[in-house]
Structures are given as C-alpha cells and as structure tokens.
Amino acid sequence: MNKLGTVIAFTYKNKVKTKAFLITTLIMAILICVGANVPYFIHLFTEGKGQNKAPASIGIVYADQSDIAENLQSYIEQRNAGKYHFVKVDKLDETTLNHDVSSGKLDGYIQFVKQEGSNFPNVMYTSKKGKIDSALETDLQTALQGIKTQHIVKQSLTDAQLAELNTPVQIATQGVDDQDKDGKAGSSEAVKIMNYVVVYALLLLFFISIISTGNMIASEVTTEKSSRIMEILITSVSPLNQMFGKIIGMFLVGISQIALYAVVAVINIMLPHNQHLLGNWHLNFSQIGLDVLIYGLIFYVLGYFLYAVLFAAIGSMVSRTEELGQAVLPITMLALVAFYIPTFSLSTPDTLLVKIASFVPFTSPTTMLVRVGLGEVSTWEIFVSLAILAVSILFFGWLSAKIYRTGVLMYGKRPTWKELRKAMKAYKI
Amino acid sequence: MERLQLNKVVKNFADKTAVNEISLKVGEGEIYGLLGANGAGKTTTMRMVLGLIYPDAGEILYNGKPYSKELRQTMGYLPEERGLYPKVKVSDQIIYLAQLRGMSAKDADKSLRYWLERFEVPEYYDKRIEELSKGNQQKMGFIAAVVHNPQILILDEAFSGLDPVNVELLKATVRELRDQGTSILFSTHRMEHVEELCRKITILHRSNTVLQGDIKEIKSRYPREEVLLLTDGEVSGLQQIAGVKGVDRLEEGYLIHISDVSAAQQILRTAMEQTTVQRFEVKEPTLNQIFIRTVGESNE
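Top to bottom, those sequences are chains A and B. Quick note on the UniProt record's numbering: the first sequence kicks off at 1 and runs consecutively. Quick note on the UniProt record's numbering: the second sequence kicks off at 1 and runs consecutively.
Please keep in mind that the hints were generated in silico from the structure rather than gathered at the bench. All values derive from a computational prediction rather than experimental measurement. Be aware that a few hints might be false.
[What the hints assert, rightly or not] Quick list of in silico lysine to aspartate or glutamate cross-link-like pairs, EDC-like style, CA-CA up to 20 Å:
id: 1; chain 1: A; residue 1: LYS114; chain 2: A; residue 2: ASP133
id: 2; chain 1: A; residue 1: LYS425; chain 2: B; residue 2: ASP15
id: 3; chain 1: A; residue 1: LYS17; chain 2: B; residue 2: ASP92
id: 4; chain 1: B; residue 1: LYS87; chain 2: A; residue 2: GLU376
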C-alpha cells in the first residue's frame, strides 16, 4: 500500500511538472476565461447597437393600401417603441425612394403590392443589398399576421375575440415526480434546461478527459517500457501496484486539472456582469439537480477506471510510442461510441438503444447519466448499472494487469492476442 | 547455504528452450560471471533470478529459500539498456526507485549523494538523464541498481558503452561491493572483464551450459598451446622442433603454436643457443580462446 502511494506521488509530481502539461493547462484556463465572457461581449455589442445607433428608419409606402400601412405603423410603434422610425410615404416614387435608400437616408422601405384574387396584398421590402434584418423581419411578420387576420375577418369578430385569436398557444409542462417530491411543478422547465446543460457538460468532460488521460497513461507505460525502466520497476514493485499507482496518479492529475478549470469557470461566471446575463436567461446554478451531479461523479470515476486499465494494458503491449496511436484506436472508438450514443439521445433519453447502452459497461457511464438527468430511470436500474460497471472494472483490471505483466516484457513488434496468451502461459502469469 | 543458488533451472518459450538446466551457486562476496554469445540465455537466466519470469522446472533459492516478494528489496538490477526515465531528474528517479525498494526518502537521498560523490559527479543530482552522455547515463543506472545496498546485484552487460577510464572506475566499484559482501551475478560477452573480476563462471551456448567452474581450474584443464618468445636476434629452426605446429613472426619475436607442452623447453634451448632471450612465456589459454573453442566444439 505504501508503495502504491509512492507510485502515485511520483506519477503525479512528474506529470504536473512537465512543461507541456503546464502550458496546455494554462491555455485551457485562458480559453475558459475568454469563453465564459463571450456571451457578455456579444450582449454588449448587440445592446450597443440598440442604444447608440439611431433607430432604423423605414419608409412605408401608403399609396392605395393606407389602412394596412397605418395599422402596421401604429402596431409596430406601439409594440416596438423606439426601435424603428417610420417614415410615411404617400406615393410610390421608386427613384426618390431608392435614392434615399442608397444615400442612407432610409434603411429600407416597405410597399404593398396588390395581388389579384387575394384579399391581402404582398409585402415587399426594399433595402440597399436586398437583405432584411432578422429582428425586423420577425417584428414585421408578427405585426402583419395580426393585421391580416383583422383585415380578413373585418367586422365579424369582436375585439376580444380578435385578441384571443392573436395570442400564441403556450405549452406548459410538468413532471409527476417533481410534484410528488416538492410540489413545485412550475420550476421543472428551468431545472430541465439546467440538467441538460450539466449533462452535456459532463458528457463532454468525460469524453475529453478519458481520451486525454488515457492516452497519457498509455504513452507513459510505453515510455517506461521502451526505456527499460519497466524491468527495474517490476522487480521492485508488483505490477498491480504499479499499474494502479499510475492510473490513480493520472486520475488525480486529471481531477486537479478539471478542478482548476471549474474554479476558473465559476469565478468568471460569478462576475457581476455575467450573473446579470444568466439572470436574463433565467438560468440559476441552484437549479442543478443534485442527483445528476452525484451520479455523474460516481459514473465518471468508475468509467475513468474502466477505460484507464485498458489504456494501460494497450500501452504495455506496444514497444514504441509511434505505434501507440494505432494501438489505442479501438478504445478511442469505444469512447466515441460512449460519447455519441448519449449525445444524440439528449432529446430522446428513453429509447431502447439508450436503455440497453445504459447497462453495457463501456457506454453506461455516459448513457446512464443522460437517463438520470433527462430521462426516466428507477433507482434499481442505476444500481444494477453501477454494479455491472464495478464488476467489469474488476474483471478488466485483472485482465489488464495480466496483459500488463506479460506485455511489458515483450519487445519487438506488437504481439497478437494469440502470442500474448502463449506468453502469459510461458511466463506463468 | 549460498546467497543464490540455481538448481537445474529450465525455461521454455513457446516451442524453444531458452535456458536448459542451468545450475550455479553464488556465495556472499562473490562475483559470478555468466558468459555467452547474444541469445545464449544470459538475460533470461537473470530475469528468472530477479523473479521477472518463473522457471518451468528446477528451483532458484535465495539464502536457501524460494522467491518471495520481500526479496525485491534485497536485489539490485542494471538492465542491459540502461533503464531510467529520460526526462526526469536524476535525484527524483533514483530516490523513487530506492523508495520502491523499501528505503526511506531521506536514506535514499543520502545514499544517492554518496554514490554521486563516489563517481565524482555530484553536479548530476539536478540533471535530467537525457542531458547526460551515454557513459554517464550508465553510471546513473548503476547507482540506481546499488543505491539501496542490495545483497544480490545483477549486472547485465554493465560495461558496454563505457570508455576505458569509466570501465576501470566501475570495476573498482564492483570489487569494492564484493568485498563488502554483495553477491554479484555478472553477464558479459567480453572475456577480459570476466578474467579480472570473477572467480567462477558459467559459459552458456544456445541455452546450454557448456563450461562451468573456477576460472583457474578451467584454464588448467586446457593445454597450453602458445609460447611467446621475445629475442634480440633472429632464431631459426623453430619450425623443425617436434611438437611445433606453427610460428608467427612478431615485431620483436615469435608466437609459437605447439601441440605438446614439452616442446616449449626445446624452443627455449634453441633460442638461447642463437641469441639473447628477452622474454619467454608458455601462455595459458585466455578465456576468449577457451570460449571460442568450447562454443566451436558444441557447434559441430
């Protein structure tokens, strides 16, 4: 046990001290700082546009559709006051108007083109480049839709009926469990969004850290093997201690790195200006489901060990670091599957595929997380999945240790499974 | 009871035998030479002694007992190809390795400093292995093998790649360790090192033990077949002496191959009659010759 500690400490200390590691960590931390503030900057720019720039001035050609034009103007001015400045144009005089547009006096103008056989005219927006601002388009569309309804039904409906007609249909959701637990069905939508964010973040974290830490483990093992220090190591400490010392040491390296990133991210998010922004989006960290986080952590740790033992075993079979990339490919593919099944199922977390995958050891850490966070899952299912995962860690840990013990003494070309089995027999492992 | 004893140890890899019934004993304060060409089974034998791989038959006893995990602390190993982390500081890794062999960090540090002093390179303490020359890396590997004061030291081709000065330094150190009681199993394919260091040897050839025992005894078993004769002037008629197989002319004399030792005296008499003899020696066979002969014989 004492030796395990020595191996862990050595692995940790040496990894953390390497230049490459320090630099990547620093760059990632800076990227997180920037990334966390990007929404704020975007917000700053869009807001600046609304405040400092004069409202877009838009011409409305009244001509023979004066009632529609008038309705539109009053509707928009009422709803989006200050956003647009409307210029009433009595007659369609394209040369003057186009000149106004190209000189910048007008941002664009709207004209109504009467259509044969239709009650409502077509709407044409003319601007310098023939483009329409998406916000303006939405505003106009909403306004004109109402006006169209009004125009067509004319006097046959009361104002109240009209108003009701114009109200968009809202779909409210509620969860049975939420109500049972704390009766606050109303907040479930916000919780769900937050869970979605958390689940997605954890998936990404899982995938990235498995791949990066796994590769680090494999390449360290290969380096030890190719520099023959392995021969000294396994004559002084049991391969099991050595392998798990390395895996745990790397795990701690990864966790420290993630913790650092998390701290950087939280500090940035907690900055007043970002808090304000989050409030605007109705996101609040207190809404994170605690169960998602806890299960997420447990599955993360177990999943890490499952993949890590395999990476260590593969690393032990390769003699040169150049061959490593190819050798770890199968595990990388496995990790990709474990990442993509849940990622594509975020909106449909209860399909059969997800259910099956949530019990298969290599995909369960990620898929079960999705089910816990976004789908429906009963507690016994989680525990069965955890138990399967734990058993497979023991099995693959045992197998990997055997491969490791054999692999580290086999030099030359990468052994096939058959050769490996023969060697295990020969070495009496 | 010997420090290390191998009794008819056999190791098979898949379809071929790597080591066939090797037996040897290494006592306290003894350097034992394991000789053989590449692929003769030296490294496999050493790996079995280290407990890296297990014998298929026979037994290895350490102080009369079979292998156990506790033994790891009492063994030191210098692999053929160094075996240190290239990018880690000398002090970090040697202390780490010593700790793995059961030393406290403090004792390990003290011992490391002693050895760096001993090799007159205390400034390497803070250097990374990759910054050192090959010969110096070898020295660090040697320190890593002895830093925890092992009882059994296994040196696989310890002197390969070293310059003569460092070979002498390392030889002196090995002798010193021997005098302190360390049992050393030493493999090489350079015979001259063995003659200087070891009392007993085993020559392996294609997995088999072809020659074993005390070096002096082995040598005495082989007939003396060469006579070195250094003279002031020329000597004629050497070829005609009974028992002389051939004569090589040297810069200052002759090297005469004989088939019968009695011819040697006749050579000396013949030479003295003609000129002044500066040096006369009936040479005992070198290990190299014996090696080539035995290996050659078993080849046929």
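Hints versus structure:
| no. | hint | verdict |
| --- | --- | --- |
| 1 | A:LYS114 with A:ASP133 | violated, 24 Å |
| 2 | A:LYS425 with B:ASP15 | holds, 12 Å |
| 3 | A:LYS17 with B:ASP92 | holds, 12 Å |
| 4 | B:LYS87 with A:GLU376 | violated, 50 Å |
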